[in-house]
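The task is simple: from the sequences and hints, build the whole structure.
There are 2 protein chains.
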Amino acid sequence: MTIRIGILGYGNLGRGVECAIRQNPDLQLAAVFTRRNPESVKILTENVPVYSVDEAQAHKDEIDVLILCGGSATDLPTQTPAFAQWFNVVDSFDTHATIPAHFDAVDAVAQKNGKVALISAGWDPGMFSLNRLYANAVLPCGADYTFWGKGVSQGHSDAIRRIECVKDARQYTIPVDAALEAVRSGSQPNLSTREKHTRECFVVAEEGADLARIENEIKTMPNYFADYDTTVHFISEEELKKNHNGIPHGGFVIRTGKTGWNEENTHVIEYSLKLDSNPEFTSSVIAAYARAVYRLAQKGDFGCKTVFDIAPALLSAQSPEELRAHML
Amino acid sequence: MTIRIGILGYGNLGRGVECAIRQNPDLQLAAVFTRRNPESVKILTENVPVYSVDEAQAHKDEIDVLILCGGSATDLPTQTPAFAQWFNVVDSFDTHATIPAHFDAVDAVAQKNGKVALISAGWDPGMFSLNRLYANAVLPCGADYTFWGKGVSQGHSDAIRRIECVKDARQYTIPVDAALEAVRSGSQPNLSTREKHTRECFVVAEEGADLARIENEIKTMPNYFADYDTTVHFISEEELKKNHNGIPHGGFVIRTGKTGWNEENTHVIEYSLKLDSNPEFTSSVIAAYARAVYRLAQKGDFGCKTVFDIAPALLSAQSPEELRAHML
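Chains A and B, in that order, give the protein sequences.
All letters in the first sequence, in the order written, are residues 34 to 361 by the working numbering.
All letters in the second sequence, in the order written, are residues 34 to 361 by the working numbering.
Calculated from the structure, these hints are not laboratory results.
As the structure is a prediction and not an experimental result, all values here were calculated from the model.
Every residue gets a Cβ at the ideal spot worked out from N, C-alpha and C, and that includes glycine.
Errors might be hidden in some of the hints.
What the hints assert, rightly or not - Example chain A residues on the side facing chain B (calculated, C-beta under 7 angstroms, incomplete):
id, residue
1, Pro133
2, Leu166
3, Glu303
4, Pro345
Structure follows, in C-alpha cells:
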C-alpha cells in the first residue's frame, strides 16, 4: 500500500518534503501544486507532474494526503481551511498564539467534509510540544524551559536587512550555556530573556555605510534585539555566502521536577535537537504525520488534529507487532 | 471527576505510585492490596484501606484502574493477565524479550472481559521507547543509540552479593563520555559493549575475605561484567549506607540521521533522563498512563495497549483546548 502525497508550494519546505518522501518507501509523490507558472518549476523527482494550484481540486482523487508548504503569516490561515474541503491535509502552522483559532477554522471544514487535517507539524510546534506535554504529564510538580539554537532566525535576519544601507544579514540565536547548566541542576531558576539567549549578527553593509549607526540600530531594535546581548560582525558578501549559507537550527526542551512524599527527589528530562537543515527536519516530521493522517482517514477518524492527538504507532511504517518486538 | 486507583504490591514501586497520586489532583488512592498480612503494612496516605490481594476481586467496583507493582521475573507474567479479568490495569513489565508474549496473554483476557490493560509503562521500556519510535519515524535513514546511567543496576548489584564473602554491594552503570560524543557527532559509529559503558562496584566484604579473589570473580563474571571495563572498590558497611543509599538512574536515547536529496544534511535527536529515584520516576510515568487507561475504558477502547498506542493528550490532566493554547 503506497500513500499518494501532494505538495502545495515548492519552496524550501516543499523541496524538503520531496526529499523526505524519497526516504519513506510507503510514501509516493503524486503531484506538486504551485502558484507560479507550473512550467517554470523544476522538481527533483522524475515523472511527477507539476500543476497550477488552481487545478488542485480537479486532482483530489489522485492524492491521499496534501501537504501545505506555505507560510504561517498569510498562506496557511486561508489555505488549510480551503484545501481541507477536498483533501486530507498536513500543515506546519507555527504562530503559537493563533493556533486555537486556526484549529477551529480547520476543524469546522474537515468535520463537515469528512477529511483529516493535522496542523502545526514540525519541531516547534511539533516535537518540542510533544516533549513539553509528556514531561508535564510525568512530572506535574516542576518547571519548563525551552531554549532555541544555535540556529538561524529568519525573522531576525529579515529585520536586519530592512535597516538602511544593509545589503544582507544572517542572525544566529544562541542559548547561554550558564543558563542551560542552571536549569539542568534542577534548581528551577527564574531566567530573564537576556539570561537565556544571545544574538549574533553577520551583516553585509553597503560601501561607505555608517557601521556604528547600523550596529546601534540593530542592538536597540525593540522586540527583536533590545532585550538581548547582541553581537554584530560586519563581513563581506563573499564571506556571508561561504560561511553562513546553511539553515541550521535546534534547541532544548527541559523539564525538571520533584517526586516523593515530601518532594525530596529531583528529576531532569531533556530533549534536544541539533539540525543541519531546519526546513528538511520540519519536512521529515511532516512526512511521518502524513502517514498518520492517511491511517486516521482510513478509519474515518475525521476532523482537525494536532501532534497531541496522534498515537505514536501511527507515525511508523512498522507494524504494531514489529514495534513491540523491536522498539519497546 | 476523580479516578480511583488501586495499588497491588507495596514495595518501592507501590510507594512511588502512592506519592505520584498525591501530585495529581484528579487521581485518588482507593486501596492497597498486599500479599503480606494487611495489618503489617503501613502506608503513607491516611484513611485508605489495605487489603489482602486475595480480596481484590471483591473490591473491583471501587477501583477504576489497578496498578500492578510486582516484578517482571515472576509476578507480572501471571498477575497482569489474572487481574485484567476484573480491572483496568497498568504494569511496568520490563523484560524486553518477552513483551510480545506478555502482550498476547494480557490482550486475550482484556478483550474478553472488556478491560483496558497498559503494559510496560516506565522509562525503559516507556519514555525511552517512545523516543526511539518518534526519532525513527522522523529520521528513517539513521542509527539508534541507547545509553544507561549513571545509575544503580539492581540485577548487577544482586549478582555481586551472591559471591562468597560479600556482605553487600552496589553497582553503577556509567556511559562512556567519549562514546556519547562520538554518537553526537553524527558519524554513526559502531560501538562495542565495552566502549559504551563502564561498571563501577562498591563492595562490602566479610572480615578477612580474600579481596583479590572477590575482585577477580566480579570482573570475570560472564554476561554481567566480563564484557565491560569494571572497577571494584572495597568499602565499609557504613560508607555504603552513607554514600550509596539512593536509587538514581537515567540514560540517553540518541538517533542521528541524514536528510536531503543526497543525504547531505545531518540531524541529532537526543533524549535524556537524570533521575534521583528510579522507582519514583517509573511510578510517575505509570500514574500518567493510568489516567489514559481510564479515558480509554470510558470510550470502550478495550484490550492490551502499550505506550505506542496512547495519544499524548490522553496523559494530561489538561483539556485538549488548554493543551493547544499553552503547550503546543
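Hints and how they fare:
no. : hint   : in the structure
1   : Pro133 : holds, 5 angstroms
2   : Leu166 : holds, 5 angstroms
3   : Glu303 : holds, 5 angstroms
4   : Pro345 : holds, 5 angstroms
Violation of the numbered hints given earlier is absent; every hint is satisfied by the structure.
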